[in-house]
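Participant: Chain by chain, the residues:
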Amino acid sequence: MGDLYDSQRAMRQMRKAAMQRGVVAVLDIGTSKIACLVLRFDGPERFRSVDGVGSMAGQSQFRVIGAATTRSRGVRFGEVDAMQETERAIRTAVQAAQKMANVRVDHVIACMSGARPRSYGLAGELDVSGGMVTEQDISQVMANCDVPEYGSDREVLHAQPVNFALDNRSGLADPRGQIGSKLTTDMHMLTVDATAIQNLFYCIKRCDLELAGLASSAYMSGMSTLVEDEQELGAACVDLGGGSTGISVFMKKHMIYADSVRMGGDHVTSDISMGLQIPAATAERIKTFYGGVVATGMDDREMIEIGGDTGDWERDRRTVSRAELIGIMRPRVEEILEEVRVRLDAAGFEYLPSQQIVLTGGGSQIPGLDGLASKILGQQVRLGRPLRVQGLPQAAIGPAFSGAVGLTLFAANPQDEWWDFEIPADRYPARSLKRAVKWFRDNW
Amino acid sequence: MRSLIRRKRHAADVPHDPAPSKLGYRYQRLMLTPGFRATVRIGVPVLLIGAIAGSWYSKPDNRALLETTIAETVQGFQERPQFMVQSMAVNGADAPLMADVVNLLPKNFPLSSFELDLLTIRAEIEALDAVRSASVRVGPGGTLQVDVTPREPVALWRDGPVLRLIDAEGVQSGTVQARSDRLDLPLIAGDGAEQNIQEALDLYAGAGPLRDRVRGLVRMGERRWDIVLDRDQRIMLPGDGAVPAFDRVIALNNAQDMLERDVVIVDMRNANRPTLRMNEDAAAALRRVNTTTGAGN
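From first to last, the protein sequence lines stand for chains A and S. Under my numbering, the residues of the first sequence are numbered 5 to 448, in order. Under my numbering, the residues of the second sequence are numbered 403 to 699, in order.
Pulled out of the complex, with its shape left as it was, chain S reads as follows (with noise of 0.2 angstroms):
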């Protein structure tokens, strides 16, 4: 039966008192110790992870496992459509040229770009004696693009029995199998032509009225540029203010028809004293002209 008497419970009369634990005081305390408390909230959970971890890569079919499926995901990555070049461009170069740069590039399109090693690429068509500067890039819609900047060739430089093209550097851009291939371009010769390409050429341009007559410049003890003329005509150029001197030549030409005569060298090497030297035959006409003269008087 229920009791009939409500018993009443005040709230106040029954003061609530709670008291820790001594376990439970220890382990607050314990808590809010700063060291403890670090390496509860972190050194057990990194702990607990490592171990996991660990163990799971301890066998080899988990190994195994791990390594393809990065494989596949990495795979996966590469070959997405953006990634991947269909063709190639090669801009820039002449037709044999473009052959050769081809023949460097890879040929099994499509293929992703992270397999195109474009500074290995580069590296190589530049080691091409033909190309002076090149760009490889993938462009816009997957294509390889290549801008080759092909060599100038400036001049021939006869070295030894091959005729090669070189430009302005100085740099060799290929070979000529004769001098008429090229008849444009003046012919150079001599130990250390090929480093002052732009002396060489500046006489040339300088050449003017003689320029059909100029046979190629000898360097000269790697020091001084001869012109070598037909005729077996030479004019000795000095180190120093070549084109100057080969001017005053080109002037006492124009005057005086110099060249015309029966003149083999014109040496201009002491600017004070050009000395001219005649041909034997002139050289002995001369003679006997002043014998015959001296014999007059």
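Extracted from the complex, chain A is given alone in its bound form (with noise of 0.2 angstroms):
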């Protein structure tokens, strides 16, 4: 893997000099639309020496100066499909976002909701003979865990320690200066297609931008919409998004399982262009203002124009009731939630202490969502809002920006990953001086 865990590591770098300069911006490629938000981090908490996160979850650190949001092109289930046409779309968002913010923007932070996301759960273990466990301990540790086989064509994304242990003590957030003899680790490893990446990596590159940061969608609209005590608890965060659906699952505040669903709001889009016989264009119209998926007496009566450009008056002045798109709509939602269902089940989400389930992202906005979501997920079910950040415009608060305010919440404060601790000492190069002092402090 050492060739991404590089490249992480130099995106990590990268980030750091886009905050030395004050300015990043995150870009939310998805499906439907993309979105960019351009930051600035002058906030008062912006030189707070003390670690951790700050105050208002480390959000006044930064203001958003710019947004801007296009229709997404040559993008298919949250994947680069066509890349001039992507490259186009990203160069638009972010040109009307420089504009509102009036400054040039070098570094960019991304995600990507497609590229066939994979969690596994690692152990690692490492015996540290009763001496204090120190930071090139930790790292070991998880150069230890015993990583599965999972493809040549697959790159590692999320690497993150979920949780230590040191002898018989488990749910430690940081072992470090602690002693004991045993120290073990679970990781929770994010592993997606190389090629998706590669592929994004290149269209950011065309666009003269850097990227600064790498982030699955699902992951960061659970940031952003799942309030502390559900990352606690335990909490799955569902985003129907337009050409997939993003599950992850929270856990003690950090990400124990991520997936995603090839299926989303274009489905339904498409779903009722081919029903009704319309356009996509239309049938997206008729959607967003007619849709539903719990039909009620009133639909029947409900008449919607759905029009035609033929000349032929018949066909030209058709009508349906809401109560025939309803029935068009619920099937499939159903039928995305259902697989949800499966993909919950296979992660064993049953068995967490609290199962709250939070639908966002774009097709959350479909009304009676949540009580369709409730028969199938179950009781626990709430539609979610992405965290008010300072400076967001009005028009991009709504449930289809999860994704990118998380973006904004990890520019911030990104979780620890396997890449920001210390290389483990017998990673470095053969005629490293540092090998040559752990040689040292090691045998004498």
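Possibly wrong hints are sitting among the right ones.
Below, a sample of chain S positions facing chain A; criterion: calculated Cβ distance under 7 angstroms [unchecked claim]:
id, residue
1, I407
2, P422
3, Y427
4, Q430
5, R431
6, L434
7, T435
8, P611
Since the hints were derived computationally from the structure, they do not count as laboratory data. Ideal Cβ positions, reconstructed from N, Cα and C, are used throughout, including at glycine.
Put the two chains together into one complex; each comes in its own frame, and the hints tell you how they fit.
Facilitator: Structure representation (structure tokens):
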């Protein structure tokens, strides 16, 4: 995994440089829209020396000075499909956001929803033999994790230590400085398709931007929509996006599982388009204006003009009742939610102490979705909106922007990942001075 | 033929899809770069203006034109009626001094006040012996106003063959041909006399009944005063306390008509021991009288 490990490390350096300059952009590359927010890090807590997350969940460090969204082009299932088109869409969003911020952005932190994420739980063990746990030991125990064969065409996107245990004491957040004999760790690793990542890298590079971080969109939605106790006690965030539905499960403020269902709002639209024989744009409009998942008697009488462009009067004057529209939408939404249910069951979500489910993303705005979801996913379902961050325009506070808002939090306070720790000594190049120092320290 | 089918275009059906060209995107990013932006907004106009001005100025005709234009503008401004000086007025000077002062002032009126160097004129006027101070200004109505304060001579100072008028500060303010021209002023002489005018004046003022007899005051050894009276009498005063010593002499004179007698010198230099010197005839007579009476005894 050396390649991405190094590039992730480089991205962290880039992020530091961006924080130094004070301006960084976040880019949520979705199937239906691309959102770009420009953050300025000049809040009162920017130079706080105390570690840990600052006040207001660390958001007082920055404010949003530019925001733009554009219709996504060339993205399917949350992956880059047509590179030129995606590049154009990214350019459009970045340019508009730059124009609003009136500042040039060079560093961008991106998230993507597709690329078939797969979660792995890893365990590692290290004998510290009664000594004090040092930073070096932590990186060593993470290096000792037995990594499964996840395939040569996949890359590690996130690798976060979720839990540390020292001898019989578990649930340690930071074991440094403590004394014990056996240090074990649990790590959550998320792998994605390498080609999807490479395509995204390439697109962003072609826009003259430097990638200062990469994250999974499901994770970002969970960061912004789950409240603190949900993250602590256990909750799942379901991000109903355009081309894919992201699932992330949180426990003890760490993401312990992430997955994505390759179905989303665009499939609902295409169902409507096929079922009613109308163009996709009209179908999208009808879905957003009249869509729903629970039909009532009133809906039989509410007729929607669906129009047409053929010149045939009969065809151009067609109407459907809202009940018919709901009849088309509901099976697909049910299918998506059932697929989510399957994924959550596979992850063992029912064993968590709290089984809160938060629906977010643009698809969660379908009226009556929470009622339908509580039938399929369990009783504790709520609709989630992203956190309010400073300077976010009114147009960008809806649930469709939970990924972008999560990215702003990620930019301000990223979770420690594997590559943030020191490189274990035995991974140094053979002639390294540090390795010699380590040998001396171990043998004298 | 016009199409019978009305093709209605829904704005929402065909989403507006603006995307910047790669060039436009790069241009915008370049213009948002602070350094580049400052260069374009300030550097380029300054450079352009500098280049145009330089190329125009490099031609000799243009340079000459510029110089004449500037000169004409300056002249036109300076010769506005508000700045013109039409006449002059000299105050506080008597006739001979007035003539001297007027000689120093410009004559070719009207002229612009920018051409008058008032400080130089004032310095020249004040350089005259008879002028203590002067103020020169351009007054209302374009008048060159010169106010002269002349020096007041308080004594005549005999400096070799020349009789100079000096004022209370010891500064010469003119000369006179003969002592008889200014009989109202005391005559002083001797080295360093001009530096102690005030003391001499005090002595002269205290002369009282002797005033008519005082011929002059002589500074002796740059230290003390002698008062010279007519009949070649001389009162030698001490360096310190000259005025009280002189008062004592006057008191003695009042009481005993001392100075009416054949005294040549009244020596008051030692306050404890005033000494008189008689003239030769009186001394001889006294000696003769003493001898006679002594022989008689």
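Participant: Each hint should be assessed against the structure and marked as holding or not.
Facilitator: Taking the hints in turn, this is what the structure says about them:
1. With a cut of 7 angstroms, the hint placing I407 of chain S at the interface with chain A holds, because the nearest CB-to-CB distance is about 4 angstroms.
2. Of the supplied interface hints, the one on P422 of chain S holds, with its beta-carbon coming within about 5 angstroms of a beta-carbon of chain A, less than 7 angstroms.
3. For Y427 of chain S, the suggested interface contact is upheld, since its CB lies about 5 angstroms from the closest CB of chain A, less than 7 angstroms.
4. At about 6 angstroms, the closest approach between the beta carbon of Q430 of chain S and any beta carbon in chain A falls short of 7 angstroms, and the interface hint on this residue holds.
5. The interface hint given for R431 of chain S is met, as the beta carbon of that residue sits about 5 angstroms from the closest beta carbon of chain A, less than 7 angstroms.
6. Checking L434 of chain S against chain A: minimum C-beta separation of about 4 angstroms stays under 7 angstroms; hint holds.
7. Taken as an interface hint, T435 of chain S checks out: its beta carbon lies about 5 angstroms from the nearest beta carbon of chain A, inside 7 angstroms.
8. A distance limit of 7 angstroms between C-beta atoms decides the matter here; for P611 of chain S the minimum to chain A is near 98 angstroms, and the interface restraint is violated.
In this structure, the one hint that does not hold is number 8.
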